[in-house]
Amino acid sequence: MEKEFNAGQAVKADSFNGIDIYRIDTDKFKTSSIHIFFHDNLTRENVTKNALLPAVMRRGSKAYPSLKDISMELENLYGASFDCGVSKKGERHLMHFYIEFLSKKYTPDGTDTFEAGLRLLSDIVTRPAFVNGVFNEEHMISEKDKLRILIEGRVNDKMSYSMERCLEEVCRHEPYGIYDYGFVEDLAQITAEELTRHYVKMVETFPMQVFLTGNISDAEADRVAELLRGLTRKDTLALRDGFTAKVNVEPRYVTETMNVTQGKLCLGYRTNTPPGSQEYRALMIYSGILGGGTHSKLFQNVREKAGLAYYSHAMLEKFKGLMVISSGIDIKDKDRTMEIIEKQLDDISNGNISDREMDATLKSMETGIKSLTDSQIHIVDFYLSQMMSGTSDSFGDVIKKIRQVKREDVIRAAQKITLDTVYFLTAPEDGQQAAVE
Amino acid sequence: MRFEKLRYDKAGETLYGYEHSSGLKAFVIPRKGYSKRYAAFAAHYGSIDNEFIIPGDDKTTKVPDGIAHFLEHKLFEQEDGSVMNKFSALGSSPNAYTSFNQTVYLFSCTDRFTENLDLLLNYVQSPYITEDSVEKEKGIIGQEIMMYQDNPGYRSFYNLLAALYEKNPVRIDIAGTIDSISRIDKDTLYKCYNTFYHPSNMAVLVVGDVEPEGVFERVEASIRQNDPRPEIERIYPDEPAGVRTDYTEQKLAISMPMFQMGYKDGFNGRDGLDLIMYETAVKVLLELIAGRSSDLYESLYNEGLINSSFDTDFMIQKSYAFSILGGESPDPVKVRDRFCWKVEEIKRKGLDQGAYDRLIRSMYGRFMRQFNSVERISRGFISDYFKGVNMFDYLHVYDKISFKYVSEILNKHFNQVNLAMSVIKPV
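Protein chains in written order, with my numbering: chain A, 40 to 476; chain B, 10 to 436.
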């Protein structure tokens, strides 16, 4: 009997006022970290404000009024990292603030890095550098400009841009289709007063999750709880579950042109399998067999056999119930690539899964899950995802559940998948302008 | 079995080392409590090694650009199929990368480590290259090259190197070009393999929760050559002083200009502690002049001339060294000019001792933090090893480096005649 895998356990240390605090105690890292997440529903109304808020907050707090003051403190703390930003998981919009620092036992002079790190992070989150009771106008204008550049800069990385665009097209009538960093045209109307009101709303009403990882003592965890108890909190916002099932869809074809050398072909699917269900485990195996590594059907057939692409892989969006297959190909090979990709999906639906494919996928998934426990941010993200899908599995539990998946389960998951959108990023033909069609 | 054990108590790390009769060195850096076990088998052979004298030959051999990377792709193929399938059956993920100076084959696993290690050691020693498979690979690598051609970060980096260097092969893309790889064939691949993949030109590194002795036993049992071989003579053309051109520009489908600029450094030939002392000095200087806590960063950021994508680095090897600064900017030339003024101002006024102390402290912390990640340990260790550096020597550097030494390097490295800039503009 194989020993149960129990690395990277998270323990709920405290819960009050819509704030959950988790501890992940481990000695193996050189650093410790504090993560704070605020959850909002992804909406057109809030998305741009949510994206702008952390950007303005990181420009300075009461005790560290400028970017330079914050940087100097991080350098003093043996090159600690602080950052914040937004991301989406399904139809949730997450604002993430974190600090990671060298644990006290590795500092040559015994600096209390936890105390100093917590002081800096909590000052940034709870005591912004207001001018006359609102955010610094100058900082806000400067960060609006930088956010605009960031939104416009999406196109710079063609691989991630094409995958995101494909899934946005799938969900063009649903909140998931909203880009996490918001809309350039919504920036102008945000005033310092409004952003400040939004900040108060975030701190008072958005559900919060706090993770402490590394070498953290009970006294230190208590300090965090005590600090958070001091926050004024009101009724916490009710969060929405974003999962959507959709069958019998007629696939849409979207072509976008840009001056590119390589074409990016992305196929967007509805998985019709909700997160947190045992069927989701089968779906994970499915996407692994299809396009999750060198043993996968896509890698073997699109790349190794046909030599059409350097990369061709499948990726799941767990919470919304989506899958995207992405390949970088020669523009003229689009139809041939489509054909090979669709054949791989049909093969799995028809039960054409070899023992080797099944076995290699299970093993690689198990390796992947165990490997997550070697990184503090991956451990945090794992538990965050668990909580969001209403499960409380440990790493070991997930491995156990994956091992129970049978070939029939994978085939059932395959049969539920529906192609929704074919997105192709390509070069304009001669004499044509770059555009979206 | 004889092997060495070196303890670095301050860092809480131990390094185990073993030397095989062929001259191959193997190392283990244990990581107690980690799930991942990671092994790398590396050849001191990279994209810049395109001209050399094979030991025993009297004439030089010149090979097409991109061949080291091509060979890396081809080694995965074995007589009985792709080695990737065998790794998959063991639940591990194999990978490989080629840089300017080395080719590294690796895997990461959580179970059945010894079987994975045996597989790695064996396949890298068993090339099986056929004419058909070489032709098919040209398609795959062709797509890889095209992918990089649309990537503004890659383009601005390689364009900068091509601006800084006239002759040094570091100016050529690691993957080569569609044209250069079209000239690669089976025989040339074997010739490169036989020259550079001798164990005396290779190293093994294992990072993870493993027993060092067991690893060294597997290495001893698997290495098929028993005798060392003389050094390969690598031919790097003499590089003229100054830069080839001080400005270069390309247009791509991007939203805002991106740039990389840097100083070509005459430092060369030295290795070991000398080399990383110099490297650390230039890195501290870049932070002092343009790092996050500098006045220059603050004013450029506030004026919207840079954003948080702005970053600095310094790359140093025996045969080349250059600094690099870059990011997105609406006006890259203005950023360059402001940087140059700042350099001159600091040269006049001298460095700030307080900031220097703080930054050395920060660099020490960041060095320690990389031990969190098995991948970062491995990448750092191997790259250092082929420069004649033991990664843990950085601990001495942070102790020994002085304000005076760093001040001297300021005048040496930041010399306007060695500065070039590469800009990518929107179409």
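The hints are simulated quantities; they were obtained by calculation from the structure and are not laboratory data. Some hints could be false.
As the list claims (entries may be wrong) - Below, simulated DSS-like cross-link-like pairs (lysine-lysine); rule was C-alpha separation at most 27 Å, straight line:
hint, chain 1, residue 1, chain 2, residue 2
1, A, K107, B, K343
2, B, K356, B, K343
3, B, K68, A, K445
4, A, K373, B, K260
5, A, K51, A, K67
6, A, K88, A, K183
7, A, K144, B, K343
8, A, K144, B, K396
9, B, K409, B, K343
10, A, K185, B, K358
11, A, K344, B, K147
12, A, K373, B, K145
13, B, K358, A, K107
14, A, K51, A, K273
15, A, K107, B, K292
16, B, K413, A, K382
17, A, K144, A, K183
18, B, K195, B, K147
19, A, K183, B, K343
20, B, K68, B, K176
21, B, K71, B, K434
22, A, K185, A, K273
23, B, K68, A, K107
24, B, K147, A, K382
Remember, it's a predicted structure, so these values are computed and weren't measured experimentally.
Are the Cα positions of K183(A) and K343(B) separated by 27 Å at most?
holds, 22 Å
Within 27 Å, alpha carbon to alpha carbon, are K71(B) and K434(B)?
Not OK: K71(B) and K434(B) at ~35 Å, beyond 27 Å, violated.
Given pair status - K273(A), K185(A), alpha carbons within 27 Å:
Violated, at roughly 32 Å.
When you check the alpha-carbon spacing of K356(B) and K343(B), does it fall within 27 Å?
holds, 20 Å
Is the Cα-Cα distance between K144(A) and K396(B) 27 Å or less?
Cα-Cα ~31 Å, so violated.
Pair hint outcome, K68(B) versus K176(B) [Cα-Cα no greater than 27 Å]:
holds, 20 Å
Are the Cα positions of K51(A) and K67(A) separated by 27 Å at most?
holds, 20 Å
Are the Cα positions of K51(A) and K273(A) separated by 27 Å at most?
Holds, because 22 Å separates the two Cα atoms, which is no more than 27 Å.
For a C-alpha distance cap of 27 Å, please report whether K344(A) and K147(B) respect it.
holds, 13 Å
Compare the distance between the alpha carbons of K358(B) and K107(A) with 27 Å, and conclude whether the hinted pair is satisfied.
holds, 21 Å
Taking 27 Å as the top limit, are the C-alpha atoms of K147(B) and K382(A) close enough?
holds, 25 Å
Is K185(A) close enough to K358(B), meaning Cα to Cα at most 27 Å?
The given pair, whose Cα atoms are some 33 Å apart, is violated under the 27 Å limit.
In this structure, the hints that do not hold are numbers 3, 7, 8, 9, 10, 16, 17, 21, 22, 23, in rising order.
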